[in-house]
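Protein chains: 2
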Amino acid sequence: MSFDLTILGSSAALPTSRRFPTAQLLKAGERFFLIDCGEGTQIRLRQYGINPSRIHHILISHLHGDHVFGLFGLLSTLGMMGRKVPLHLYGPFELEEFMNSYSRFFGPLPFELVLRTPSENMDFIYESDELTISAIPLKHRVPAFGYLFREKKKPLNVRKEKIETLGLGIADIVKLKRGKDYVSKNGEVFPNSQLTLPPMHQRSYAYLSDTLFVPELAEYIKGVDLLFHEATFSERDKKLAKQTQHSTAAQAATLAKLAGVKKLLIGHFSSRYKEPVLLENEAKEVFKNTEGVNDGDIYSIQPERLSGE
Amino acid sequence: MSFDLTILGSSAALPTSRRFPTAQLLKAGERFFLIDCGEGTQIRLRQYGINPSRIHHILISHLHGDHVFGLFGLLSTLGMMGRKVPLHLYGPFELEEFMNSYSRFFGPLPFELVLRTPSENMDFIYESDELTISAIPLKHRVPAFGYLFREKKKPLNVRKEKIETLGLGIADIVKLKRGKDYVSKNGEVFPNSQLTLPPMHQRSYAYLSDTLFVPELAEYIKGVDLLFHEATFSERDKKLAKQTQHSTAAQAATLAKLAGVKKLLIGHFSSRYKEPVLLENEAKEVFKNTEGVNDGDIYSIQPERLSGE
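Those protein sequence lines, which keep their order, are chains A and B.
Using the working numbering, read the first sequence as starting at 1245 and increasing by one per residue.
Using the working numbering, read the second sequence as starting at 1245 and increasing by one per residue.
Isolated chain A, as found in the complex (with noise of 0.2 Å):
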């Protein structure tokens, strides 16, 4: 399946003339998820040639304006597109007396939204039979949660031609496909990774925005394909970001090195910044598979069989 991140704005608090603030989808098969929601959102869904009634989940990392003020104006575009099906919104608690004050002023709107809050006892936010969403506690100036993607664990594939040397039946497929070995009529053992194909390798993406650098955090996201992490500011303000509980683009490669991801997005950059090169390179200097991001820019993560047979 796929498992493509667009970023749809990549800028902090204030938008620049091509920075819209803060919101991604992620493509995992044919499920979209929309993560955060900033102004413009649903402006660059349509540039972005995507329909936003494929989405049915929503993602909010915390209620500050520049990632939730699209939220009105794509659920109003999606009532009037004529949804019936239920809209997904995850986030937190505020999230419903803020959508109640939509109703408020703009009437109700005529499909029904499923609010669910991360809890600490709570495993994964979401699960499909692909998909995994697990929420991460931030620290930021109100209550804020990242989110973890992760396929799941796919059966394991049997290896066709040996379906045909030994004579497999159904049952004996269904075993393997199971991880157990397979022992012949005359009592001779095949070890399962002689007939099947390495499994998949589950592939992952975290969302970390917005928070203060918080080491512990890398606990969560252990060898993640790939992390987006805010990088609202340069070293040389890192004071700045402590006190707004942001992250410098070096911290957010920090980050990157001690959990092991394979790579980094940096993105949320202050207006500030005419270059955010500048946070790029400062974030390589730390880890050097780090990319910045522009609105538009797509990232698809492949899948791959592990290797190790």
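These aren't lab readings, by the way, just hints derived from the structure by calculation.
It cannot be assumed that every hint is accurate.
Treat identical chains as interchangeable: a pair holds within one or across any two.
What the hints assert, rightly or not - Derived lysine-lysine pairs resembling DSS-like cross-links, with alpha carbons at most 30 Å apart:
#, residue 1, residue 2
1, LYS1518, LYS1328
2, LYS1424, LYS1501
3, LYS1429, LYS1501
4, LYS1406, LYS1532
5, LYS1507, LYS1419
6, LYS1486, LYS1328
7, LYS1483, LYS1328
8, LYS1328, LYS1482
9, LYS1383, LYS1532
10, LYS1532, LYS1404
11, LYS1398, LYS1328
12, LYS1383, LYS1486
For this one, chain A is given, so just place chain B on it according to the hints.
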């Protein structure tokens, strides 16, 4: 002074990739008046090189999302840009509660918001030395107002050559500026029109959106230089226009004709029409001097002296 209208958003409820929801900016001299504030207004201001801090007056037609969803973002941005001076907000009564919900979720704004709602016995909702703004009651599904901007009459200019040849003093000039005739020391009467330049035309702009076609509205906008009238629908969707309390392009043009305006702008096009030129053509059949607007268009009304000396 300048009298320039910039179209910031020209779509109806559903934005398209090229048309943002409704917002316009009138620059009258050094003053900027924002008219409606659909989602993305602050982004359009950036894209068109307009510093949002220069806006001190925002006029809202009505509390439908496509006219106000950009308000929270814009005000929040003004706060972050360090605004301290008051901002004047005009519009229906419900605006107050709507803005209260802003402070409830996102904290107080660091500047004063001065709200004013049009009332029946109000001449002008705004008045300065140069300009008046009056509100026009529209007919829509919720309380709605149009706005009429009109330059004030300026004092007459005395012809320089006459000052010299007749040896006019300051007291004489002041009287002439007020429209009185000049009487020389030997009793000779010089009619005012011989000693002054023809008066400047008082430029005017009317904004009517959203509204059902109401012929009586023509009375409010007789002979304006520029009229923007919503034209959400084509004539073939006339029933839908009536049902949703909107206008067709031909109805907008009919109003322009009834009011004898100089030029008609139409916009707020439903996204169902891929080619709004269809709407423009329908309007032109009724009122030739019509133009369909696009985001980024600028219309300048030039100062001119009334002829007839």
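Numbers of the earlier hints that this structure fails to satisfy, in rising order: 2, 3, 4, 5, 10, 11
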